[in-house]
Structure formats: C-alpha cells, structure tokens
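Chemist: The hints should help you fit chain W onto chain V, whose structure is shown.
Protein chains in written order, with my numbering: chain V, 1 to 281; chain W, 1001 to 1281.
Treat the hints as calculated values from the structure; they're not laboratory data.
Since this is a predicted model, take the numbers as computed values, not measurements.
Any given hint might turn out to be false.
[Claimed, not checked] Derived CB-CB ranges, DEER-like:
| # | chain 1 | residue 1 | chain 2 | residue 2 | range |
| --- | --- | --- | --- | --- | --- |
| 1 | V | Glu145 | W | Asp1150 | 27 to 35 Å |
| 2 | V | Met251 | W | Lys1238 | 51 to 59 Å |
| 3 | W | Ser1235 | V | Lys8 | 53 to 61 Å |
| 4 | V | Leu230 | W | Glu1034 | 52 to 60 Å |
| 5 | V | Gln40 | W | Gly1035 | 35 to 43 Å |
[Claimed, not checked] Residues of chain W clear of chain V, computed beta-carbon distances all greater than 10 Å:
| # | residue |
| --- | --- |
| 6 | Glu1057 |
| 7 | Asn1060 |
| 8 | Gln1063 |
| 9 | Thr1088 |
| 10 | Gly1142 |
| 11 | Ile1184 |
| 12 | Arg1190 |
| 13 | Leu1212 |
| 14 | Gly1219 |
| 15 | Leu1243 |
| 16 | Asn1277 |
[Claimed, not checked] For the chain W half of the interface with chain V, some residues (derived, Cβ under 7 Å), not all of them:
| # | residue |
| --- | --- |
| 17 | Asn1006 |
| 18 | Leu1025 |
| 19 | Glu1034 |
| 20 | Pro1044 |
| 21 | His1091 |
| 22 | Leu1093 |
| 23 | Leu1107 |
| 24 | Ala1111 |
| 25 | Asn1112 |
| 26 | Ile1133 |
| 27 | Glu1260 |
| 28 | Glu1261 |
| 29 | Ser1264 |
By construction, the Cβ of each residue, glycine as well, lies at the ideal position given by its N, Cα and C atoms.
There are 2 protein chains.
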Amino acid sequence: MSLNNNSKRTVFYISDSTGITVEALGLCLLSHFEGLKLKQVRMPFIDSMEKAREAVEIINATQERDGVRAILCMTVVNPNIRALFHLTGGHCLDMFGTFVNPLSCELGMPANETIGMSRRVAGAEYRNRINAINFTLGHDDGITESGLKDADVILVGVSRCGKTPTSIYLAMQFGMRVANYPIIPEDLERNALPGTLIDYKDKIFGLTIDPLRLSKVRGERRPNSRYAELENCKSEVKRAEELMRREGISMLDSTSRSVEEISSLIMQQLSFKAAKNMLLN
Amino acid sequence: MSLNNNSKRTVFYISDSTGITVEALGLCLLSHFEGLKLKQVRMPFIDSMEKAREAVEIINATQERDGVRAILCMTVVNPNIRALFHLTGGHCLDMFGTFVNPLSCELGMPANETIGMSRRVAGAEYRNRINAINFTLGHDDGITESGLKDADVILVGVSRCGKTPTSIYLAMQFGMRVANYPIIPEDLERNALPGTLIDYKDKIFGLTIDPLRLSKVRGERRPNSRYAELENCKSEVKRAEELMRREGISMLDSTSRSVEEISSLIMQQLSFKAAKNMLLN
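With the rest of the complex left out, here is chain V (with noise of 0.2 Å):
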C-alpha cells in the first residue's frame, strides 16, 4: 500500500453515538494540512460487536479499493469494539483508548464502559436547551417586547446582519434565551435605541456587518430595492454603529466571523461581566 496517495484516501468518523464530536474533532486537525482533501464517511451508532463488523468490512474494502490506508477517527466506548477498529491496519484517532485509561488512573477511578446515548435527554439541561429554542423563537426579530427581561441575552443591529442564526446558536448550544431586535431607519433617523431596551443594557450585544456584504444579502432577499442598495447599507451600518458605541453596548462583526465564533465571544464577555459583577457587589 503507498503511504502518501492522500488523493484517494477515506476518513471514517465512528462513534458508538451520533459522531458530531468526532467529526468536528476531525475535521479540526484534518483542516491544518493544505489541499487535503479526503472522501469522508460517518458511521454512528456504532454500538454492538454486529453493527462493528458490518463497519470494519465496509472499512476494509474502502482500504483495498483506495490503495492507500484509512483514517479512523473514533470515539467508543466499549474496547472490545475498538480493537476491532484497530485491526483494520487503518491509521487511528481513537479518543477513548487515549484518553481514558490515564483519565481514569489520574481521578483515582474507574470508567464506566456503557454508552449513556439518552441520558443528555432526561436532564434539566436538556429541557432547559429546548425551552431556549422555543423562547428564542418566539422573541425573534423584535416580534413581542414581552421576553426581554426574561432573555439571558438581546442581539440589535441592521436587519441582515446575522441576529437570527447567532440567536439559535446561542439557544442550541448554550441554553441561552435570546431575544432579537432589529435596529430600523426610524431608530436610526432618531439617533437612539427602542426606549423598551434602555433596562437592559447589560446583556444587549449589537451586531454589525461589512456593508458590501450586507448590499449582496439584501439583495439576494430583495433584489433591486433600495433595502439592498450598496449607498443604503453603508449608511444605515454607519449609523448603526455611531449608535452603538454612543450607547456603550458591546459590539461583533459578523463578516469574518463564524456564528460559533460570535455566539462564543459573547458567552466569553458574559462571563467577564458576570466576574466583574462579583467583584463590585
């Protein structure tokens, strides 16, 4: 088999649950080597030595057909499952088998070996992470002002500007309750934030947004209208932001930045504030 003929080579992401971890983990490390691109396969629910050897075929036959040996990244719980991964000779990522025997040796015990595929379900958390959706849903684009003080978070900024992703973000991810405001002409022809905002300062985020960026999303919603227009955008995310800072509200632009990366540095300034808070009180 040739060691390098990356053109053709597969990475499997198995795991014994749904694999999102791992094929995020994977996809992580992959990115940092330059123009590799490798065919990808997700297996999981891999959760029996049956559903394992069904894999491990399918794993093998990808290795015979590629000329070249696979990249298994895994996370399994069960070793018995794992050393049959091993076997195939492909190249492994395996985060239980590294991880948890010295994990286990450093807390001092042992690592229980079943999968708790449904146990995030039963939790508080779990309830708590969908309520955030529904409510979330349901204060999106400044539709009730009821919620705003129940929000854990408000995002304003020009309509288009990335509110209503980074909101469901927020909510599936981190069980925040997010309340959305759109920043309108009026608000700006007034030079000041919707009075109804003015109590919560502390968790408002604004958001902002490369103009030309903003021009092209418009215009894919409302082609040819003034909303669109490049003059148009400029003006409304100057004075959007004029607005915003006079105001002291923290703000994050959207255009380099990944709705993960906004959603993580606003958890991030939270927590500062939330510290600072501490402190002060």
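Modeler: Just chain W now, with coordinates in the frame of chain V:
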C-alpha cells in the same frame, strides 16, 4: 497535592478558537466517570502567548486553591502555547499534541500551525448552512407549502412532538433545508397525509413521542386544555403512528432521543436511501 480529591477539581476547556468541540469531547469523556462533578471553566480564543500566560496564571491559582491538579482539555495549534499549559502540571488531554504529529507522518506532509479562525466563514459550506437555517425558519409548522419541493427533509408529526428543534439542528449542523409539517386532528380524521406531501415520501420523516410526555409539554403551553389532555394526546399519537406506518414513513421517537441523536439518525437513513437509489439506477 492530593491525587483524587475530585470534588474540588476543576476542568478547563482551552482553545485557540471557540472551544466548542473540545468542550463537547471533554464532557463526553468525563461523563463515563460516574458521580464525578467538576467545576468547569471555558477558555476560548487563546491565540497568543500573552493570552496563554494570563490563562496559565488562572490555572495555577485554581490548582493552588483546589489542592488538586486541574484537567486541561486543549485544542491549541501552536506548540509553544501548548508547552506553557503543560508546564502547569495539570493533567492534559492535548488533542493537537497527541494526534497531529502521527497524522503528519501518516499523510507525509507537515501540519500548518496557523489558526484558520475565519476560514469557515468564507466557504460555500458556511453560506449553505446559513441559507439552510433561513429556509428552515421560513418553513416551520406548515407555514407554507411552496418550499416542500426544495426541502432536503420534511418532518411530520403531531403538534409539539419535537419537529422544530430537530429541524433547526439539522439545518445548523448539517446544512439541511428542512420543512416541517404538523399532523393536525383534521388529517387524523381524514386518516391521510395532506395531499401536498404525497409526492415527497422519500424525504419525509415522522416524529413520534410518548403521550405522557406530550401531555406535559402541551400542558406547559396551554394548561388545562383539551389540547394537553392525556386522553387526547394518547389518541392523537396512536392515530398519527398508524397513519405514518400505513404510509410507509420512517418514524423516530423523540421521547428518549436528543435532537442530536434524531438528526444523526435522519442523516444516516438519508445516506442509506441515497446508496440504495444509486444501486437501483
């Protein structure tokens, strides 16, 4: 220092990016140690020696206070930054340190040590995900039938069985355009799916739920209503399941599965269907 004074121990999730992946992986590994409750601290965006030094000071002070070594879960690309964290003496789960060199040998190419923070924003894959979220929000709860043709997945099920959070997760995580469509009492009376759905059976998935849970969920929304009554929920679920079974729709139970699990199962079934269609054509 005591070695297994676990009740006082802290785990740090350290990343040069959002830290979302390494936190998920750390939680997954640690969940296999029963009864273990560690204090958790997120340290995202540690992308310079200066930020690393500040973080290291916090970790050292925490270890001093806890009287026990911290657990450090890390995805940090820069080896100099990683080295600083190893010097704290904490128990390191070092993703890059552990896996990147072996991967580099296997692939026969060097790893790029710069951080590609905003690489994901620029790509078509990211725009696709954001478009999928917008599509999915626009096709929630049978709002419109116009998008059924363009949807990648159509979710059906009785009101409040989990369609909305699942739709959004499928869009956010997998870039799927999802329409969801409630099965309402009128459909159950007629004992048939809405006619508009008939053409799309290949991409329809049904969600079902334990009537007791459904009654509780509905009760939170409309207490003491006929809608939330246990007998009514039992009857709706039973008839909806019969209807879906007869129409040959794949059914998934949201009672004991998280949105992540249901979404992964749907993705898995879609890839099986795609593979089958390829064989048939």
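Chemist: It remains to establish, for every hint, whether it holds in the given structure.
Modeler: These are the hints, each one checked on the structure:
1. Glu145(V) <-> Asp1150(W): 27 to 35 Å: Distance hint for Glu145(V), Asp1150(W) holds at roughly 34 Å.
2. Met251(V) <-> Lys1238(W): 51 to 59 Å: Since the Cβ atoms of Met251(V) and Lys1238(W) sit about 52 Å apart, the hinted range of 51 to 59 Å holds.
3. Ser1235(W) <-> Lys8(V): 53 to 61 Å: holds, 56 Å
4. Leu230(V) <-> Glu1034(W): 52 to 60 Å: holds, 59 Å
5. Gln40(V) <-> Gly1035(W): 35 to 43 Å: holds, 37 Å
6. Glu1057: holds, 15 Å
7. Asn1060: holds, 18 Å
8. Gln1063: holds, 13 Å
9. Thr1088: holds, 14 Å
10. Gly1142: Fine: 15 Å to the nearest Cβ keeps Gly1142(W) off the interface.
11. Ile1184: holds, 19 Å
12. Arg1190: holds, 29 Å
13. Leu1212: Non-interface label stands for Leu1212(W): nearest chain V Cβ at 14 Å, farther than 10 Å.
14. Gly1219: holds, 14 Å
15. Leu1243: holds, 25 Å
16. Asn1277: Holds, since 17 Å exceeds 10 Å.
17. Asn1006: holds, 6 Å
18. Leu1025: Hint holds; Leu1025(W) Cβ to chain V Cβ min 5 Å, cut 7 Å.
19. Glu1034: holds, 5 Å
20. Pro1044: holds, 5 Å
21. His1091: Interface hint status for His1091(W): holds (5 Å vs cutoff 7 Å).
22. Leu1093: holds, 5 Å
23. Leu1107: holds, 6 Å
24. Ala1111: For Ala1111(W), the interface hint holds, since the closest Cβ of chain V sits about 4 Å away, which is under 7 Å.
25. Asn1112: The hint holds - Asn1112(W) has a Cβ within 7 Å of chain V, the shortest such distance being about 5 Å.
26. Ile1133: holds, 5 Å
27. Glu1260: Holds - the Cβ of Glu1260(W) comes within 7 Å of chain V, reaching about 5 Å at its closest.
28. Glu1261: Interface hint status for Glu1261(W): holds (6 Å vs cutoff 7 Å).
29. Ser1264: With a closest approach of 4 Å, the Ser1264(W) hint holds.
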